[in-house]
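The sequence shown lines up with residues -24 to -1, 1 to 158 when you count with mature numbering (1 follows the signal peptide of the UniProt record, and there is no 0).
Errors might be hidden in some of the hints.
As the list claims (entries may be wrong) - Heads up, simulated DSSO-like pairs for lysine-lysine below, C-alpha to C-alpha not over 30 Å straight-line: (1) K47 / K73; (2) K146 / K102; (3) K69 / K47; (4) K102 / K47; (5) K69 / K102.
Stated by the list, open to error - Listed next, with one range per pair, are the computed distances between beta-carbon atoms: (6) P71 / V7: 31 to 37 Å; (7) K102 / L131: 38 to 44 Å; (8) A(-15) / A141: 39 to 45 Å; (9) L(-20) / M120: 38 to 44 Å; (10) P130 / G101: 56 to 62 Å; (11) G62 / T20: 18 to 24 Å; (12) V7 / G117: 19 to 25 Å; (13) P71 / T(-21): 24 to 30 Å; (14) M31 / K(-22): 39 to 45 Å; (15) T139 / L(-20): 30 to 36 Å; (16) A(-15) / E114: 49 to 55 Å; (17) P16 / G62: 20 to 26 Å.
Hints in this document: simulated from the structure, not taken from any laboratory. Backbone N, C-alpha and C fix where the C-beta goes; we use that ideal spot for every residue, glycine too.
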Amino acid sequence: MRKTLLALAAAIGLLFATTPAANAYEPVNIVHTERVQVGPYGMTVGFSTWPLRAMQSLDFTFIPDDGIAGKSGTLAFVNPETGRLGRAQPLAKHPRKLEVWGLDIRALQTQGAWTFRFEIDGPAGKGTGELRDLTVLEQPGPPMAVSWSISLIPLIVLAVLITIAWRRTKSRLRGNGLPATV
């Protein structure tokens, strides 16, 4: 009994000792930046991965030269496949870097030359600017069809095994004179 309580206490102690480390956020590492002039506001756009690749998650940061205090803004993407401007979304604080605007774990879905369109409203007035020709390379790894095909193999094997087991059970029930619907 004493050994069991000691083991339980040790497990609880380890749980509470590792919780703060597990809840800690990784810092946002900016490895590449681009400059954009958004009306009267200069802004640095930061990327956590460079070069950019389609369907690869990364962090974006948007840092006006004199900070985000007293300002609001929106961001819209121009998709290179369609050439259409997407719906503008408000710029919000980055969840892990609260002193700047940003997007956390976002992926650009297609390769090509993307455009980011910014609008900022602040003490110096309203401004619009674009980061043009942001090259996004093809998706890393195998094509999506190959990835999905490989990942579906275990599901197919499971379905085959269940079907074989069901047929064997059904035939054994018939052999014992029991109805097959049992």
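- Against which earlier hints does the structure fall short, listed by number upward? 2, 6, 7, 9, 13, 14 and 15
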